[in-house]
Amino acid sequence: MLNQHTDLDLMFQALADPTRRAMIDRLSRGPASVSELAKPFDMSLPAVVQHLQALENSGLVSSQKVGRVRTVQIQPDALSLAEQWINDRRTMWVKRLDRVGDLLAETENEPETRT
Amino acid sequence: MTERGITHASFTLERRYKATPARVFKALSDPATKAKWFNPPEAWGKDEHTMDFRIGGIETSVGGPPGGAVHAFKAIYQDIVPNQRIIYTYDMALDDVRISVSLASFELIADGDHTLLKLTEMGAYLDGFGDGNAIRKEGTSILLDNLGAHLVRESAN
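Chains A and B, in that order, are what the protein sequence lines are. For what it's worth, the working numbering labels the leading residue of the first sequence as 47, then goes sequentially. For what it's worth, the working numbering labels the leading residue of the second sequence as 3, then goes sequentially.
A hint or two may mislead.
Straight-line Cα separation of at most 20 Å, SDA-like style, residue types lysine to any residue; simulated pairs [what the hints assert, rightly or not]:
#1 Lys36/B x Trp139/A
#2 Lys36/B x Gly147/A
#3 Lys48/B x Gly58/B
#4 Lys141/A x Phe108/B
#5 Lys36/B x Asp81/B
#6 Lys38/B x Leu143/A
#7 Lys85/A x Lys20/B
#8 Lys120/B x Arg87/B
#9 Lys141/A x Asp81/B
#10 Lys36/B x Arg135/A
#11 Lys20/B x Leu149/A
#12 Lys141/A x Pro33/B
#13 Lys48/B x Ala37/B
#14 Lys36/B x Glu154/A
#15 Lys120/B x Asp134/A
#16 Lys141/A x Ser31/B
#17 Lys36/B x Met138/A
#18 Lys141/A x Met124/B
#19 Lys48/B x Glu154/A
To spell it out: a stretch of chain B is covered by chain A in this simulated footprint if at least three of its residues, at any positions, have a beta carbon under 8 Å from a beta carbon of chain A; those stretches are [unchecked claim]:
#20 10-18
#21 24-30
#22 33-42
#23 113-127
Covered stretches of chain A (chain B as the covering partner; in silico rule of three or more C-beta atoms under 8 Å from a C-beta of chain B) [said to hold, decoys possible]:
#24 76-83
#25 150-156
I should point out that these hints are in silico values taken from the structure, not numbers from a laboratory. Think of the CB as a built atom: it goes at the ideal place given N, C-alpha and C, for glycine as much as any other residue.
In isolation and in its complexed conformation, chain B is listed as follows (with noise of 0.2 Å):
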């Protein structure tokens, strides 16, 4: 039996381009330039992308690792102000067993010749994610890499 349960997290980053507000959010708004950033991780080879950039609009990445899960993921776009703000809310699904609803919003604020980008994540994680397995499977060693990188990007900034 799936045992029920809800647990929230949230998480934000913050980049500095030098680049107009108008670069940056043509980078997260026209579908042919977010295929070019926009990909799952580069194990998985290329997903599934649709993209509607309208407020109610849709857009859908579907792909996962090789003989593993299905990762769906499906956005709403819910407002749009150009050149400053997106935000979509999305969910995630593996193997159609939804594991996650989430909130996305992206600020963009110009800084002199440079834009600061705000991504600000906010979700609500599903049931341990059905019976856990198809993240689990993965494996730890993934997980202590990213970490690991992570941490080197983060002293490197």
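The following block holds chain A by itself, in its conformation from the complex (with noise of 0.2 Å):
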């Protein structure tokens, strides 16, 4: 198994959340305040907030405060090579076997060959 498998259950639960996404994709695009982070969402400040800390403990995003204000930035290298590799073929594996199953239904009535 992998090393981090914790980490990775961490980024699985926090990018099960359609918001915790849409802040994913905006932080994409380069780093953003807390308030700018916000501004799209209608919900208060303390419930974006602990969106972002369920993204900072994941590892998916780091922030800093200058001042008063903190900025979130997205932290590319939160899985590693082999993690992002693992999980490519994974993923490539489970569109895979899904076609199988298309495959097997549509050839359900079909007669068997020998071979």
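Hints given; two lone chains; assemble the complex.
Printed below as a string of structure tokens:
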């Protein structure tokens, strides 16, 4: 198993929420202040801060406070290359096995050929 | 200079198909049938695929994202038990740099009128993939999309 299995679990949890995915999407275009991040969402600032904490705990983002402004940025290295690689392989196989299922369903009534 | 190192990792996926083991085995072993599902990511377009399905036989798939690194997959079938088991080892290269050597096992278990397919991949990932740029280039956002899509599927199952 991956050494940083717990980290991956935290990342999966962090990304399970649509608000947090939207925040990641925004941050992938560049760093933003907490109030900038909060703007598109119809929720209280404490709720936004809570989502950011979940993202920060997962290692997907980091934040820095300068004066009174906290700036949040994405951590592109949160996943090691090996983790990215294994995840890509896994995701690819999830799709492939889905297609095998589709194919088997489509050909369900075809006579089995002897090989 | 290339920093040498190996990271080991593995994953297991299970699917329960409404089909006989013979039909699932055919989907995995018949080149024409396999070509219908063994596609690379859609954005890559069609790969060059060859398949010699017998113990010691070789399967290759060469492709990659447009303008990106050439991904070359080369597998050797190590064990085949019809309708029950397929094991191959494979290596992956990005633009001629070998990035991983892996073992993939497919187990087929009859379960009433269904078949349980269990895929286990164990890999040795080499040297941080050269400088790693080829993979990194494809971007964190794609990765996050994948993770998100993966989660949706996991929770749907």
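- Looking at the structure, which of the earlier hints fail to hold? Violated hints: 3, 7, 9, 19, 24; rest satisfied.
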